[in-house]
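Colleague: What follows is each chain in one-letter form.
4 protein chains.
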Amino acid sequence: MSFNSFGHVFRFATWGESHGPAIGAIVDGCPPGLALSEADLQPWLDKRRPGTSRFTTQRQEPDQVRILSGTFEGKTTGTPISLFIENVDQRSKDYSEVAKAYRPGHADMTYDAKYGFRDYRGGGRSSARETASRVAAGGVARLVIPEVKIRAYVVEIGGDPIDRTNFDDAAIDANPFFCPDPKAAERWEALIDAARKDGSSLGAIIECSATGVPPGWGAPLYAKLDAELAGAMMSINAVKGVEIGDGFAAARLRGEQNADEVRADADGKPLFESNHAGGVAGGISTGQPVVVRVAFKPTSSILIPVQTIDREGHDTEISTKGRHDPCVGIRGAPVVEAMMALVLADQKLLHRAQCG
Amino acid sequence: MSFNSFGHVFRFATWGESHGPAIGAIVDGCPPGLALSEADLQPWLDKRRPGTSRFTTQRQEPDQVRILSGTFEGKTTGTPISLFIENVDQRSKDYSEVAKAYRPGHADMTYDAKYGFRDYRGGGRSSARETASRVAAGGVARLVIPEVKIRAYVVEIGGDPIDRTNFDDAAIDANPFFCPDPKAAERWEALIDAARKDGSSLGAIIECSATGVPPGWGAPLYAKLDAELAGAMMSINAVKGVEIGDGFAAARLRGEQNADEVRADADGKPLFESNHAGGVAGGISTGQPVVVRVAFKPTSSILIPVQTIDREGHDTEISTKGRHDPCVGIRGAPVVEAMMALVLADQKLLHRAQCG
Amino acid sequence: MSFNSFGHVFRFATWGESHGPAIGAIVDGCPPGLALSEADLQPWLDKRRPGTSRFTTQRQEPDQVRILSGTFEGKTTGTPISLFIENVDQRSKDYSEVAKAYRPGHADMTYDAKYGFRDYRGGGRSSARETASRVAAGGVARLVIPEVKIRAYVVEIGGDPIDRTNFDDAAIDANPFFCPDPKAAERWEALIDAARKDGSSLGAIIECSATGVPPGWGAPLYAKLDAELAGAMMSINAVKGVEIGDGFAAARLRGEQNADEVRADADGKPLFESNHAGGVAGGISTGQPVVVRVAFKPTSSILIPVQTIDREGHDTEISTKGRHDPCVGIRGAPVVEAMMALVLADQKLLHRAQCG
Amino acid sequence: MSFNSFGHVFRFATWGESHGPAIGAIVDGCPPGLALSEADLQPWLDKRRPGTSRFTTQRQEPDQVRILSGTFEGKTTGTPISLFIENVDQRSKDYSEVAKAYRPGHADMTYDAKYGFRDYRGGGRSSARETASRVAAGGVARLVIPEVKIRAYVVEIGGDPIDRTNFDDAAIDANPFFCPDPKAAERWEALIDAARKDGSSLGAIIECSATGVPPGWGAPLYAKLDAELAGAMMSINAVKGVEIGDGFAAARLRGEQNADEVRADADGKPLFESNHAGGVAGGISTGQPVVVRVAFKPTSSILIPVQTIDREGHDTEISTKGRHDPCVGIRGAPVVEAMMALVLADQKLLHRAQCG
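Chains as they are written, first to last, in my numbering: chain G, 426 to 781; chain U, 426 to 781; chain F, 426 to 781; chain A, 426 to 781.
It cannot be assumed that every hint is accurate.
Copies of the same chain are indistinguishable here, so a pair counts whether it falls within one copy or spans any two.
With a Cα cut of at most 30 Å, we get these calculated DSS-like pairs of lysine-lysine [as the list claims (entries may be wrong)]:
hint, residue 1, residue 2
1, LYS622, LYS694
2, LYS525, LYS472
3, LYS500, LYS525
4, LYS525, LYS608
5, LYS622, LYS525
6, LYS694, LYS746
7, LYS574, LYS746
None of these hints come from the bench; they were simulated from the model.
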């Protein structure tokens, strides 16, 4: 099934392929009366936009978003918001090779297995291009949760992590990697250049922190805040792992190390002494920053030839030419932010539904 | 919101608290005509059952499941299947301390923040006891996917991983840890004994592999097979991380290393030379084993006192006496299997819906 | 598909068959902190309970509801509420005839067509007995909407309508027909006695009015308040028609007749001069009473033999002996009330989610 | 909540307002490999298109549908299908009166009550213009159920019913009323002309029959085929009543009259002697034609002044000038057909999911 919608009460659905005329999203269930124009969404799209540095694909897409419905006199009306982004630079190209042979790591073979055939132009529906729709929808979600500040940044590329003692929030937007450690950003430049020169690609780990989430969003089981986040993040192309707070490292701690001890402040409010839990306990937000980390595999489209088979079941090899991100995880940062915003907006409304 | 249901067309919902009279699940959308009796479900519950070794809680629960609806003459009818498990050993106990002070890592504080009050007896709805309902429902799901073999095992406890070269499928059920490496099992015995003696607890990492999943289950985006699995696994109590295939390690590979190269077999069918992808490409199963790894934090209930606050906002400390698993991850293995079965059964039916 | 759940954020699911050990419902998404005990639900079940007059089936069911989860110290906790009703009087009986031959109007033939076989004892899942679960769940829903008063009553039996000028709210509970017109109640007594004596059955029309619904619940399209009500009512066994406000009669009015004209009261609030719309305009409540009418067909189980075929495709005839309601619509009144409550509770929470 | 999506596995969502730049729909879950181009959808839109006779609004809309995603080389790919219809004739007009005063029967007052404000231009989201999106989506649904023939026709306008003995399928498309009785069509011409001349409007009743639905689609409870149809039809603007088969008339029949008796044909297959049930028994299709009747109220926009209040709570009166259908029910016929197709396509896939 192709369930291209997400969320419970604040919901969105996306549509569109890499090489069709346009892509877009419908946002449904948005509270009425929020000031919304294209100018509120465009900055987020600009962050994700390709072609802005030599470290991303050279496809040139202005990614100008248009709002086709759901607003009136500059405010949301509570009815569905249709977001529309034209595809501009679908460079004409010879796809005959991709049409025949299956690119490892891509959805080529699995699409054929599921649907019997596929739109092989630029990855079709599976193209990372789809994430522009998410970023646009995420821009609407942010308006629903003005109390929350969301920040995603790359903490590791190609196995080279940042040094947390260098963490500088201001640096994140000052380099092409959304890297909070300026020194790591320098190293990554060389790393990625080398990978690209080799016709290879690199993976990345993105961390996203949402501060200002009040205690009480989420649910004890099933629609746990962390479960929703895990599903949301894993729904992004190329993601292979998700962790909340200490995540896998928590499995290596002892109980007393992992306990986020608490002291009362002057008003009797909790002051947490650590945040191993990543802001979620029992599926419900604690009031601490909600912290999630997301693993992006290296871009599957590489120049280095790899062995594969074709549609007819014959051995062949394939080398993916064309314009590709040498590290698709980099542009994942704005997408991870968008998914965080979309989950939190939904959870805020769900909490309000049940608990007033 | 308390969305205690899961799945799209093969769905289940659970109910019940640790210290209520019973717990249970409703399974909806099950295909008709499947042979089903309590005897099909009980073995899975017995695997998860507490009190079977000194490495799990000493609460004694027979966990006898009853089928109250949805079958006739030993077969599923296609109508809702009500599964019912009595709570037997709700030992009477003094909960006054837990009622007042918030246990770090537990849902105590977040429940109060969300709902204004909570059932503090034994964790209430958040008790790992709820997972018995999942295991029962998972037993029904297994009948829907007889072509699939699901196997979960513990690959790491307290930071001590198994040696993959010792992997012995037969060993998994021959020790109290669902450990496929007999040598690791020996070490873990000592590790856990020591932790328990210290009044501490340990985390664990569970791996689950599903073989026999045909290519084509899942969806390109949103309801991706891996996204569904991530949400499902993260919905289990105490889980803090999920990865598919190589997961976080994939982010440290180069594109050509991460590529699962393919050769054609004699019939032109794909023979994969590796499974970095964990059996999922572009959200759709590849036909290789579906592999997921799940991180369980150390049990939050520990004897070692930790600093916290009480409901009135005063500093205090808490030490959790009573019966607890020193490593809640161990009994997570049958639960992870159940969630895998529940997701795959749903995906099988969804695939059949769309693609016939 | 067997989607035995209903609602968006205030949700319920039911399970159970006529001749199984029990039936029940799970209510999910209920706001926390509402006072709830069995005593809050039992009166509604008692209204629907069979065997209380000679005009309903003689099956004796105490319909004692038990709350198995979701409350603590007499209040809802916000977690799933499991409602449990034992089946007591499943009189042992010879079902061999029903097992073989298809009763017209029943689900016998369609179950076999869909599922390949069926639980033929007492209608199985399709028994009106299932509605006890709805009534129990509806009792919880009422607690969510204390501002609303819901009243269902029978306005027509066997083609004999009430005289609206005789409408007496106090009469509704003073006769076995939920009839607001005492004179009609007298006539119906004779009508039903005659039908029963003939081995026949009668249909009924139930009207349900919900007063106190504030303006603003519902949605412009798709999840319109009236669309939700229509789906909810038509989901009850034996229902064949639903109308809102003037319903089908509205199709015979001219625009100016159908217009609910409005005057302002002293505070500028709307005073409607009529309620042709039945309290819903554009899918959203107007503040006037929400009025729905529901048509119940005559009970399909009748003593008069009717022509049919058997499972093997041979002509036969069937005469349904056993205990049956001569007019199943009568006991439909409490069920219609329950469905109204369940829809309104959900809509209240949905409105709060989106609009605060 | 604004749940602008519909369906379980074959799903659609619509967006757009009467006076925005465009309207549209996303169809999700469509089976792959179906031949689909704009030419498959346009004929249905042309049927619903305004401005084709003097009996419908004079707004001129070409309603040219574009397919923006979800197809490749002329076939559905299984991914979301984006359908796009430009608004062309949003005649500039003075809406100041509608902006201030509430039109009875319209969503004006309820929108303000729910959302705090509204898009008052041409009814905004509540405009019947939205139904063009449904008709387009319904065109896709038809491709999923080629075995089914769906036919809607008007059986009554302004209280004047057709004579069933004159029923002529060929007549339906030969008059501007989708009327199967040529004599009634003649009378309606005069009726509607008179109403329009008076500045009034008329209601209508539409019947829709789906032949070729195999036995077995639907579910015993909740997602009953008839419940889904009732919700779907009542979700259409201006609809106030829905009935299946004999509907309200069934409530006036005795059990033996309402029984659809059955004889076996030469192959042992059922031959029904009547279809009081409208093709649905116990929520599941019987194999007979699925018959639904839908009541449309008279168009609320009329020239005859009616009393109302304005936003400030003062008495006023309003007379709706501009272009309006004198009988909105007429153009409802293609919309009812579309909703029937959308429900049946979903039910077909759901049945396949559960029962193979």
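Colleague: For LYS622 and LYS694, with the copy left unspecified, which applies at a CA distance of at most 30 Å: within, between, both, or neither?
Modeller: neither (54 Å within a copy, 34 Å between copies)
Colleague: Treating 30 Å as the Cα threshold, decide for LYS694 and LYS746: within, between, both or neither.
Modeller: between (57 Å within a copy, 26 Å between copies)
Colleague: At 30 Å max between alpha carbons, let me know whether LYS622 reaches LYS525 within a copy, between copies, both or neither.
Modeller: within (27 Å within a copy, 62 Å between copies)
Colleague: Go through the copies and call it for LYS525 and LYS608: within, between, both or neither, with a Cα cutoff of 30 Å.
Modeller: Neither. Shortest intra-copy (43 Å) and inter-copy (48 Å) distances fail the 30 Å Cα cut-off.
Colleague: Given identical chains, is LYS525 near LYS472, meaning Cα to Cα at most 30 Å, within a copy, between copies, both, or neither?
Modeller: neither (34 Å within a copy, 42 Å between copies)
Colleague: Between LYS574 and LYS746, at a C-alpha cutoff of 30 Å, which is it: within one copy, between copies, both, or neither?
Modeller: Classified as neither; 39 Å inside a copy, 39 Å across copies.
Colleague: First find the shortest C-alpha distance between LYS500 and LYS525 inside one copy, then the shortest across copies, and answer within, between, both or neither for a cut-off of 30 Å.
Modeller: Between copies, since 18 Å is at most 30 Å while 48 Å is not.
Comparing the model with each numbered hint stated earlier shows that hints 1, 2, 4, 7 do not hold.
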